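Based on the sequences and whatever the hints tell you, model everything.
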Amino acid sequence: MASSSSYSSSCNSPCAACKFLRRKCMPDCVFAPYFPPEEPHKFANVHKIFGASNVSKLLNEVLPHQREDAVNSLAYEAEARIKDPVYGCVGAISVLQRQVLRLQKELDATNADLLRYAGASCNRGTGRGSHHGQNSGLYSFSSPWSSSHDPYGDHRN
Amino acid sequence: MIIKTVDECSYFPTMTIKGGTSQACAACKYQRRRCTKDCDLAPHFPADQPKMFQNAHRLYGVSNIMKILKQTHPEQKEEAMRSIIYESNMRAKFPVTGCMGIINQLTFQLQQAFDELRYVRSHLAICRDQCQYQYNSPSCPSSQLQLGIQTNDHEALQLYQQQYQYHQYNSAAGSSAGGGGMSLMANEYLANGINGVYIDDNDSVVKPLRVQQFYYGNNNVDAVAVQHNLITSQGFPIQQEMDVPHDYDDIPFDTIADDRQSYIDSKEACESSAESAFKGTTTQSLEHVSQNDLKSAAACFSLTS
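Chains as they are written, first to last, in full-length UniProt numbering: chain F, 1 to 157; chain G, 1 to 305.
If you are wondering where the hints come from, they were derived from the structure by calculation, not from laboratory data. Keep in mind it's a predicted model, so treat the numbers as computed, not measured. All residues carry an ideal CB built from backbone N, CA and C; glycine is no exception. Check before you lean on any hint, since a few could be wrong.
[Stated by the list, open to error] Quick list of the computed label-pair ranges, beta carbon to beta carbon: (1) F:Asp-108 x G:Gln-71: 33 to 43 Å; (2) F:Glu-68 x G:Lys-93: 14 to 24 Å; (3) G:Arg-128 x F:Lys-83: 39 to 49 Å; (4) G:Asp-38 x F:Pro-36: 35 to 45 Å; (5) G:Tyr-135 x F:Ala-109: 17 to 27 Å; (6) F:Pro-64 x G:Lys-37: 39 to 49 Å; (7) G:Gln-71 x F:Glu-68: 26 to 36 Å.
[Stated by the list, open to error] Footprint (simulated), chain F over chain G, 3 or more residues, beta carbon under 8 Å: (8) 52-63; (9) 111-118; (10) 126-134.
Structure representation (structure tokens):
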């Protein structure tokens, strides 16, 4: 009995997953480290959207040190899907991509203005030829942004 | 004479005919079941893309996909399926982070682009002012001032830029949506419910961007920003706090740039010599010339004569 009590004390409180599924939380429960009993909604959301078996398979496919991040990302996506059943978290991706594109355009335009003024100031100030900002000491940034994760394949500006 | 009725002819549906006109969709193929005409998944999982359904099945499962489709409006089923397929594909591509990793990456890119744009705009403001100043005063004092500017050291330039950044913030915050593209973008950024956030390397606490808070007092935190709390350290850069500098107009002139001290010394020398030589200068029209210009011009006149 003592052994069983010590055995049960190691998993005294079942994890949120086993509580939700109404099963005994074993010591080697795959969900226990990532679904603490204090956060029941986390597993509830994940189970509602993805299902416990799918989550279990996904966790077994990643390395142990990556499982926490995987669970957190699944919980994030599940909550996003519950809030927005149509787009889920993909809506946020779409919005962010559009904004990155807009910023990129604005950056290009501002850089072009900067080069214009830098060239003009070089011409007027030093009397030398237009160096287009090479000797002006000012920076013009390139725009390395590329939208490689467009979920809908179009840039809705 | 046997006459086949129309009912008999239509009794046998096309689904029972193997190799018929309608091929089974990827979903039904995977599940090894008959693909009916009214299969809900058939329009979204064509037979030539089995991997797409496998990803969706691995992440969601058929029953969960059907649950989501039942919740959505018939007109939105297409969009819902596209998002499910995209999410599944991203999870297959990035098993650990999935779509959340993409959101983090895009947020980081957005913040970097925002910082770069702000920096470039500050440089642009400096350049504009330089050009304007050179245009306004082409005479000797401006050349001295210009010399002072060109000999800026890095620290003075940074201080100058900070003040112009603050100046830009003021103008952007006070302007309407048409005032500047940056403020317009940031307005939309918040309007869409995505607050500017960054994650400190040391903890997982989400800290709102001070820059954007300076723009707007409204912290419209959406679930997207709230869920960033779940993220462990992702290696995001630590945003430096933007200490609100004093208003540019409030700072005394001689503390703006240390390298202008050379101009100030020369200015004092000009003033001392101008006072004695001023009496002997020819009379000119002084209405459109500032006092400083006059004194410096007098100094030049006294030196050359």
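Outcome of the hint check:
1. Checked against the given bound of 33 to 43 Å, the beta carbons of Asp-108 of chain F and Gln-71 of chain G, roughly 42 Å apart, stay inside it.
2. Separation of Glu-68 of chain F from Lys-93 of chain G is about 20 Å and conforms to the stated range, judged on CB atoms against 14 to 24 Å.
3. Taking 39 to 49 Å as the suggested C-beta distance range, the pair Arg-128 of chain G and Lys-83 of chain F conforms, at roughly 45 Å.
4. Checked against the given bound of 35 to 45 Å, the beta carbons of Asp-38 of chain G and Pro-36 of chain F, roughly 44 Å apart, stay inside it.
5. A hinted range of 17 to 27 Å for the beta carbons of Tyr-135 of chain G and Ala-109 of chain F is consistent with their spacing of about 23 Å.
6. Roughly 47 Å separates the CB atoms of Pro-64 of chain F and Lys-37 of chain G, a value that falls within the hinted 39 to 49 Å.
7. With their beta carbons about 30 Å apart, Gln-71 of chain G and Glu-68 of chain F fall inside the hinted range of 26 to 36 Å.
8. Given a C-beta distance limit of less than 8 Å, the hint that chain F covers the stretch 52-63 of chain G holds, as 5 residues qualify and 3 suffice.
9. Evaluation of the coverage hint for the stretch 111-118 of chain G: fulfilled, as 4 residues show C-beta separations to chain F shorter than 8 Å, against a requirement of three.
10. Counting residues of the stretch 126-134 of chain G whose CB lies closer than 8 Å to any CB of chain F gives 6, which reaches the minimum of 3, so the coverage claim holds.
Going through the hint list in order, the structure satisfies each hint without exception.
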